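**Student:** So the chains spell out like this:
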Amino acid sequence: MSLIAKGILQGMAVTAKNFIQSYYKKERLPTVEYPEEKSTVNQFTRNIPFLVYDGEDEIEGMRCTACKLCEKACPPQCIYIIKDTDENDKPIKRPKVFDIDSSVCMSCQLCVEVCPFESIRMDSEFELSNENRFEGLLINRDELLKSNEYYHEIHPIEAQETDDRIAAKIAEAETKKKAREEKARLAAEAKQAAAAMKAAEEAAAETETSATEQAQQSEAKAEAPEDNPETKNT
Amino acid sequence: MTVAFYIMAAIAVLGAVMAIALRNVVHAVFSVLLFFSALAGLFILLLAEFIAVVQVLVYIGSVGILMLFAIMLTTKVTGDPTRKLLSRGWAWGGLVSGALLLAFLVPLITQSKSESNSQLSNFNPSVKDLGLTLMDPYFASVGVIALLLTAGLIAAVVAASSASGE
Amino acid sequence: MPARGYHLSKDELGADILEVAMGPHHPSTHGVFRMDLKLDGETVVDLKPIFGYLHRNHEKLAEDIPYLGCMPFTDRLDYLCGMTNNWAFALSAEQLIEIEIPERAQYIRVICAELTRLINHCLLVGFFINDLGALGTPLLYALREREKILDLFETLSGARMMVNYMRFGGVRCDLPDGWLQECERIVGRFPAFLDEYETLLKDNEIVITRSQNVGVLTQEEATNFSITGPMLRASGVNYDIRKVDKYGIYDRFDFKVPIGAHGDCYDRFMVRMLEMRESIKILKQAIADIPEGPIMGNEPRVFKPDPQETYGRIESPKGELGFYLIADGTTNPYRYKVRPPSFVNLTALRHMCIGHKVADAVIILGSIDIVLGEVDR
Amino acid sequence: MEITLNHYLILSAVLFTIGLIGALTRRHIIIMLVCLEIMLNAANLNLIAFWHFGPNPILLHGPLFTLFTIAIAATEAALGLALVLAIYRHFKTVDLEQVQDLKE
Amino acid sequence: MNNFIDYKLIELGQWTVGLFNDYPVVQILVHLLLATLPLTLVFMGAFGFSTWLERKGLARIQNRLGPNRVGIFGLLQPLADGIKMLLKEDIVPDRSDKLFHFLAPVMLMVPAFIAVGFLPLGDGLMALPMDSAILFFFAVGSLNTIAVFMAGWSSRNKYSLLGGMRAVAQMISYEIPLVLSAVAVIMFSGSLNAQEIVASQQIQSWLASGNLVKEFFGQILGWHIFKPWGFAGFIFFFVAALAEANRSPFDLPEADSEIIAGHLTEYSGFKYAIFFMAEYISAFAIAGIATTLFLGGWSGPVIAGLPWFIIKMFSLFAVMIWIRGTLPRLRVDQLMGYAWKFLLPLAILNIFVAGFYYFAEQQFGSLAAFIGGWVIGFGILQTAAKGLSRLNKSPTLDGKRVYQLVE
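Residue numbers (this note's numbering), protein chains in the order written: chain P, 8 to 241; chain X, 527 to 692; chain F, 9 to 385; chain D, -15 to 88; chain H, 4 to 410.
Possibly wrong hints are sitting among the right ones.
Listed next, the in silico SDA-like pairs over lysine to any residue satisfying Cα-Cα at most 20 Å (straight line) [claimed, not checked]:
id	chain 1	residue 1	chain 2	residue 2
1	P	K33	F	I194
2	H	K101	X	M544
3	P	K184	F	I194
4	P	K75	F	V310
5	X	K654	H	Y361
6	P	K24	H	L319
7	X	K654	H	I189
8	P	K33	F	V310
To list a few chain P residues with every Cβ distance to chain H over 10 Å, as calculated [to be verified]:
id	residue
9	Y30
10	T38
11	L117
12	L145
13	D149
14	L152
15	I164
16	A195
Derived by calculation from the structure, the hints in this document are not laboratory data. Values in this document were obtained by computation on a predicted structure and should not be read as measured data. For glycine and all other residues, C-beta sits at the position ideal for the given N, C-alpha and C.
Okay, chain P solo, but in the shape it has when bound (with noise of 0.2 Å):
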């Protein structure tokens, strides 16, 4: 090698030229002090999930039902569902227990994909570090749920999406169920015509029962999916 090192002079070059740029150039010095300055997450980031409630109540406005889908799919199995019973014990569609042990979670977001009901969505938060290792790790249901205003606060466009979503699906059922009363109607509406020709030839008492019995059975159909829009599943 000559007396003058080239390659070494130039090696320094470069580093003079890092350590001078430091000091006015941004893309050189890239250090975000983290206590001071907190936002280091994008609104995409996933780390453990949160359930999603609408309205003020947590419980009514849950929209989880307890179906269990995301506690099969999860790899390391670390959802634990219990269903939930009224007072006569009769299961109704929502979790007692929804636990989620956040050791074990390795936040892969396969729950949030195999929800029916859009009720489990990934949250941002990453400080989760506390005291005790086994109960603290271990987020139970009032922990996990968290209002839909939080979670549009957190992933605005993914939020936004989501609620488009389900006013898709409530509009859908809507239609459907129009549809079906139209039907119903119409289906009445024939069975009247015919009933009332038939009638005027035959006796006109066993095609009144027939007719009224017909009308009360369609009416309790419509009235039916009127209670819980939720529960209609494609």
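Assemble chains X, F, D and H onto chain P, guided by the hints.
**Tutor:** Just chains X, F, D and H, lined up with the frame of chain P:
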């Protein structure tokens, strides 16, 4: 000045005695290094500044380390403290050297001339004069010494490396 | 170069052979990896690689989890390049059932794979120079560039390294708007970083003296050891699975494959630098003509392939990454075997290190580019 | 009281005999070389002392002569240790007592 | 304005000594204290500051911030390190040789502080004004080797012995090029006394000429680094100095990627801090001597004297930090080969070139010698360097490797 002389002399004697007496070889070499530095101090007391520097550079700097290397290469790393200390003829050796010491000291103590004060107090020998005298009357001897040093170097390399050949 | 593999119990000076165990938490081994070195003074007489400290029973675990459940585990194989692991598993799983993958998903897959190649190669060069002793400066430049690409992955898939992004028949979610422009800007600035990196390292006299003619692997030795990836190409064999299999849509992009001539550590370092430039070419072409359209093929409701076996492989940044799957008609794979490139490349370590100094053994290990997650599975 | 030539002579005599005792009694080869160095240094001290208290120190004979002895001593030490290495490799021992047989 | 600070300091010194005129014994003691105490305190402060400088400098080279938590800009970081080192438990391995295990750091610190005494800080500002100051500096420099060996051997551990032997071998083989490259300067300036060397680097005729510009450049252009053999000598001296002080491309003893921490493995707590202090101060001392020999010591345009010396010394130390941030490490045998087969012959050749330059200057006057010297002298050294590296078959010569890009 007198206090400095006695301190230096004491350290020198201590270093020399420990160099002989200590069982562990590496300790002995370290104490000989202490002896060399005490001698360098004495040379400064005798206003031979350049010799003191050369003494530190040559003896402590390289000969001392040469011995440490030699020890490292010859004994197992931790050294074995079990082997015997004294050679067979140690009694005769001690006797002869004691007699020699007496032969040196007796005339010195008896005569104790007093007039040997030095005219050197006013003259501080600078390295430049030493260099100049080295060059004009003693140039031949410097050449001889240079030759000797290179010959010694080559001989040492040959002796050390050829031995590993067989 | 002294004769290969000479065996000595006592060295010339009679001092016994120094037995040194380097690792498992030695600063220069990449992760938990141990080398039992027999040293004659400074030269390595014998080397026994010992690994398995990071074995997590990956393959047995996958046997009682549905196919889709295995996808997040593939991120943990070679934790530096999550995307290419996902793609390899998705590729071989798609051979089990007929799924037609939409164009846009193919392009997204190529973009993600080439971005991972950039990360892996610039990280490897950083670690390699760090083993040479350059106290982290090149490594930190590499990490600075890697941060930008990891941010891209975070916006795309939600996580920086554990991406879990690809599905059988396409990708999980579409590119968020603004992502392509950001990606184009970063890829556009990458060559400038590479030039700066090369001036710092390429003809640095100390790097040259320390890494040339060190750990040489000739062509036959490389093929006999079934080495794949940049190590093989550094020894002069022109074998790149992107060109051989033409999987995905790699035949649409024109890019070259750099070939080394000497097969030593310096060539492996340089081949990876040139490969990064080729990846940038591919990325530019892919970003230019990525079509609109769906990102997911007609994926069946339950992934239940009928009994068969298949082996799918891709060119991961470290070499040929293959997945051998046996399906037995149920939703879980019957046998799930991974062919990791760094594990196979590691077998040549002993052969290359014998006869070199201790400091060289560290560099040769660094130049093989191993990641213990993949080696131990 | 003032330091005279005798003090230095006594000191170097004592140091010389210590070196001599070491050389004659100790077994270890390297300690023998160490004692050799001690003896040489004692002689150097003597030289400089005579020059310091001598008739005309202007001529700088003392330091010159010591320079030469130091040079010779250095070469001698180097050669001595090289021979020690050779002996160690041949006899596998450092103990002078066993280094007896002249025949090959 | 030149040497204003130096004269003020000397006056201060004489004033304090004068205070004790009526008890002579105490006066000697005060005189000695004045010579050594300020120097020790200043260089310990310099050590503290240089650790901060090193960590901040390296951080900024690597695009990160460096210590900024303790005190503003992290200036109290050295203090924090010092306290941490004091609080750390001082573990001494039981099989080690207690006495020498303790003695090694002391033995390393003593030559470091003595060597600092030989630096000509300013006009008349020298702690140990000896006739052969430079030579004594190199003599004391060789004492470090013993201390490193003592540290390596006494901790009775395989790694530290390996590290100790490597360090000793490296220090010895780099001491010779260090001294030889200094010999060229000493031969030229005619004396070993540091003050005279500095004086020889000032063009006295220009200084006395009175006009401002001449006086300004008179202090600079005389430096030895502007002469061909001086520049080459500076390169050899600086490279050998890096090896002597175990700094970056040659920091083999504590090469963490191979043997853990070399001879420092078994040291912890304050002894470890002392080792570092001694290493940094000997690095400062060598940087100081390099400025004296090649960069004109304390002579500088306006504020000649102590300020210039400190600026130059710290800039050389900054270059050492810069090199540490960039260059990888050399292997042991390459390191030795580089010293014996490359640096040593070139340093000897440099002395001959300096000799010819000296006689050329007598014959044809300084300007012609200057131009001729640069052309011929540097040419000889360059060809010799190329020839030597070809002789050593160093791979840097076989040109750039070409990689074919294949379809």
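**Student:** Each hint should be assessed against the structure and marked as holding or not.
**Tutor:** Tested hints:
no.	hint	result
1	P:K33 x F:I194	holds, 15 Å
2	H:K101 x X:M544	holds, 18 Å
3	P:K184 x F:I194	violated, 51 Å
4	P:K75 x F:V310	holds, 16 Å
5	X:K654 x H:Y361	holds, 18 Å
6	P:K24 x H:L319	holds, 18 Å
7	X:K654 x H:I189	holds, 12 Å
8	P:K33 x F:V310	violated, 49 Å
9	Y30	violated, 7 Å
10	T38	violated, 5 Å
11	L117	holds, 37 Å
12	L145	holds, 35 Å
13	D149	holds, 39 Å
14	L152	holds, 39 Å
15	I164	holds, 32 Å
16	A195	holds, 75 Å
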